[in-house]
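Got chain C sorted already, so can you dock chain P with the ligands onto it with the hints?
Quick note, the sequences are listed as chains C and P, same order.
Just so we're aligned, residue 1 is where the first sequence starts under this note's numbering, counting upward by one.
Just so we're aligned, residue 1001 is where the second sequence starts under this note's numbering, counting upward by one.
Nothing false has been slipped in among the hints.
Chain P stretches covered by chain C per the calculated footprint, using a threshold of three residues with CB under 8 angstroms from any CB of chain C: (1) 1011 to 1025; (2) 1047 to 1054; (3) 1071 to 1082; (4) 1085 to 1096; (5) 1232 to 1246.
Hint data in this document are derived by calculation from the structure and do not stem from the laboratory.
Bear in mind that the values here come from a model prediction, so they are computed numbers and not experimental data.
Heads up, the beta-carbon is just placed ideally off N, CA and C, and yes, glycines get one too.
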Amino acid sequence: MPELTQSVVTLIGEFAKLPGIGRKSAERLTYHVLRVHKNEALALAEAIRAVKENVRYCSACYNLAEEELCDICKDSRRDRDVLCVVEQPRDLIALEQAGVYRGLYHVLLGRIAPLEGINPDQLTIDALVERVRSGRFKEVIMATNPTVEGDGTSLHISNLLGEFPVQITRLARGITTGSVLEFANKEILADAMSGRQKF
Amino acid sequence: MSSEKAAAIVLRAVDFSETSLVITLFTREFGKIGALAKGGRRLKGPFESALDLLALCRIVFLHKTSDTLDLLTEAKLLRRFRPPGKNLLNLYAGYYVAELLDDLTEANDPHPRLFDLADETLAALAAGEPAARRTIRFELGMLQLLGLLPSLDDCAECGNRVPAVGRIAFGLIDGGVLCPACRAGKTGVVSVHAGVLRTMSQLADAEGNAWQRLEIDPRSLGELRGVLNRYLIHLLGKKPKMHEYLGAMSS
Ligand SMILES: [Zn+2]
Ligand SMILES: [Zn+2]
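Extracted from the complex, chain C is given alone in its bound form:
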């Protein structure tokens, strides 16, 4: 593209690296940036810079934070007897949006996936064990993804936590609300039956 200047080519290239953005969209975004007022365009640049410079992991739970502790760990109204273990910050956000959980979290920053080269020591499992050892949690809720690797990760962790006087639970799973039993996959029905709870 000889008619484009070097800066324009660079910006298109950067946009095109983003997930879900193809070449055409990258060009559209670049033309948008060229068209808008300078302040508006620089606000985007500044927002990106701020995220990279200010955001880090909470030193207690490994959620995203802008200070030593994240907003949840700092919130004195949260129930400090319950700990919910998730794979990623985005899982924590999903649970927060559901709005029913008032305890604390622990973010593993991944799952144990030996075939992908992800071993337990690359996650925040040691920190989790230390938290449970020195804390006063009564219950640890395993909320990893209900996949083979997610379940395996929970199992590995629940074995490690077995020596502490905490109750270990996991999220119920099974039939999607709004669907009908008749059409549920038999594997999903089996999960739902084994994960049944008291009325």
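The following block gives chain P with the ligands in isolation, referenced to the frame of chain C:
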């Protein structure tokens, strides 16, 4: 490009975008294939969360003739891989089955009997059967079906029968037992008890269930595990990732 149906085991599922997955499948009809599953990370849709590691499913896919990824259009879950209770060893043994299938088979090279062996092994591990024997049976059966089984009776070098008594030289590089004459001066040779070699050939026999009645004492199992590990490392040119996790199996 044609639409095909197959029975498949999920060997790998890697996130490709927010919604799509790149899946490695071992199919009964077409061997190993790589396929793109658009929307595969969504709960609903044509895949119904069937694309989890080691799941057995019925798939429909567009088989590309060039070497680009096939396109998965449908997957119906037949069986999830979920070892019972707190059995991590069986889970890791399942991962190991996936690792060996991925590393030792070529794309688009069908091995229906190997598929059946893998399917049977995963079903047994998911049912809680002891992992150590099932794993060795799978490894040896797989080597046999792929023509990679080391020579267990005849000298790998000269072809003469090696007397099955005492301890026998086993050449990792030569791919099997060595007679005393051929053994001289060779490197990469370990010594294996004749009884262990006999057990290996019985476990490798792809026919029937006779292997299930075999009595294997813990010491022989440990020795078998050791020689098999070294042979596989030699064959693959690297240590399988799951060997670390399966360490407990050899004792
Ligand atoms: Zn925190
Ligand atoms: Zn010889």
